[in-house]
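All residue numbers for the sequence shown refer to this note's numbering, where the first residue is 2 and numbers rise by one.
No false leads were slipped in.
Quick list of simulated restraints, FRET-style, between CB atoms: (1) 242 to 83: 51 to 61 angstroms; (2) 215 to 484: 37 to 47 angstroms; (3) 484 to 33: 42 to 52 angstroms; (4) 375 to 556: 17 to 27 angstroms; (5) 418 to 70: 28 to 38 angstroms; (6) 380 to 537: 34 to 44 angstroms; (7) 174 to 33: 21 to 31 angstroms; (8) 555 to 192: 31 to 41 angstroms; (9) 526 to 110: 23 to 33 angstroms; (10) 195 to 469: 32 to 42 angstroms; (11) 83 to 474: 44 to 54 angstroms; (12) 202 to 125: 46 to 56 angstroms; (13) 375 to 329: 45 to 55 angstroms.
Read the hints as simulated data drawn from the structure, not as lab findings. Everything numeric in this text was worked out from a predicted model, so none of it was measured. Virtual Cβ for every residue (Gly too), placed ideally from N, Cα, C.
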Amino acid sequence: MGVPTSALPFLTTSFLSYTVFNQYEPIGLTNLVLLLGVIPAILSIPLRPSISESAGPHVLLLASWLAYSSLLLVWVTVHRLSPLHPLAQYPGPLLCKLTKLWTAWITWGGRRHAYIKALHDTYGDVVRIGPNELSIRHPQAVLPVLGPYGLPKGPFNDHREQGGVSPLVFIRDPTEHANRRKAWMHGFSTAALKDYEEVIIKNARDLVKALRKRESEVVDISQWMSYFAFNFMGEMAFGSDFGIIKDGHDVHGYCRMVETGVKFSTVAANIPWAIPFLRWLPGPANASHRMRQFGREMVLRRKSFVSVKRDLFHYLLDEDGNNGGEPSTAEVASDGVLAVVAGSDTTATALSNLWYFLLRNQDSYERLRTEVDFTFPHGEEPVDFTKQSSMPYLNACINEALRLLPPILSGVQRTVPAGSEKMVGPFLVPSGTQVIIPTYSLHRDPRCFSPLPDCWWPDRWLPEHERLPHPTHATHDPGAFALDHTAFTPFSYGPANCVGKNLALQELRAVVCYVMQTFDILRASGHHDDLITWEDRLIDQFVTARGPLHVSLRCRV
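Input sequences plus hints: build the corresponding full structure.
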């Protein structure tokens with residue numbers, strides 16, 4: 002029995018459509034309307050004889066659209082599960098091979114980092130986590146993917162515009178990224194970091210002062226780390242004190258706005274072709290608008306005065322004329338949102354995770370407090386950043402917290418350029434494949450960090466003669482020691498790494514020294530579940546959303 006004549010146009014057209022869109026991935030709004038609207042409308046013409054004459058045009062169009070779309074899904078499914086697919090040799094769950102909608106759902110739940118780690122524990126070093134995407138957890142994968150001759154950024158970074166301009170971190174073109182990064186490099190130079198020290202000290206003092214007023218209360222130290230980081234970024238970047246630390250709450254809803262906007266964009270980035278449509282929905286549209294408006298308002302406010310001190314926007318606005326002219330308001334506003342989001346959320350998360358680990362490991366807490374007291378004795382304010390950077394155990398604790406719980410848990414996406422292949426460790430990755438190096442998983446790989454890759458052991462970062470054994474795992478094989486600095490990527494790696502890394506480390510050290518010198522931090526009565534469930538409540542949404550971490554504070558000085 003032959004194929005009905007009316008079905009032939011649907012079979013051939015749907016196959017050709019899938020072939021073209023699979024090959025060239027034209028994901029613009031116009032192309033999607035052509036694929037899902039215009040073509041099935043045209044196909045309704047040869048379908049007319051097969052439909053009852055009493056059926057109206059809307060029924061005819063619906064039947065045509067259903068037939069065409071169903072066949073598209075068949076071709077998609079057959080290709081993605083075919084043994085001829087370029088990634089057919091790589092293992093992974095069926096749903097991951099079929100659609101990125103599954104990954105978007107996992108991302109919405111906030112546990113993508115844990116899900117990917119579980120996949121690697123099941124399938125091995127390379128896992129197919131999307132129809133055209135691999136996660137590679139291998140010590141030799143960092144350099145070929147993220148290094149100087151690594152891969153360009155992938156489609157996860159598409160459609161992240163703020164006011165029509167992509168923030169620096171989402172620019173995919175390497176040349177454009179390098180050009181835009183120049184101003185940021187000036188803004189994070191050694192001289193600029195020296196200028197920012199005063200802003201760190203001011204905000205650290207304000208933090209300690211505000212916490213002193215709440216000595217008799219139970220406080221959410223995680224929330225206060227957000228107040229510090231957000232307020233600092235406002236002053237360091239825009240020259241404006243948001244007043245969040247002094248008020249003791251997020252008066253303007255800035256923190257909530259950032260969290261909502263980032264969550265939407267991160268979930269939607271799994272299906273970039275859908276973002277133009279999703280932006281019409283009230284919730285996402287409002288979140289995107291508020292983010293754009295926030296950036297624009299901050300830039301216009303900053304442009305209205307000449308800052309006495311050189312803040313970050315002194316460099317982004319090119320007030321010295323080093324970069325050949327002032328950038329557009331849209332460009333600077335886009336980077337302004339990036340500065341606040343990337344600078345505040347990641348720092349607050351790193352600090353909160355560090356307090357979590359110190360509260361769970363009393364021996365580390367006491368050892369670090371001893372080092373703080375030795376470096377900055379009673380009566381000496383911890384304002385010497387050179388001394389802070391030379392505190393071995395403080396830096397070891399910071400590194401260990403960043404290793405176990407990096408602020409950006411899942412890592413960043415790269416793509417193999419069309420027409421080429423790439424050896425990533427021992428794996429040959431085909432043309433057009435997206436690749437991630439899963440930071441959370443790699444940081445717990447025993448080939449990179451041994452012994453005790455899943456345990457808190459800051460001593461791994463100390464010279465061998467200074468290391469103390471783990472208090473509960475004292476007998477481990479010294480020959481199994483591994484500390485792979487290349488695999489340690491909490492700030493990413495290579496030419497697109499975090500430009501604010503050194504500033505972030507300055508913030509972390511200063512806040513820890515100020516708070517530990519001033520207070521004993523105690524587990525809050527009635528809130529022990531905060532420590533038990535802390536890691537399970539971390540929400541991976543590019544940056545990390547956190548639950549509360551309630552503590553009691555007792556003044557020491």
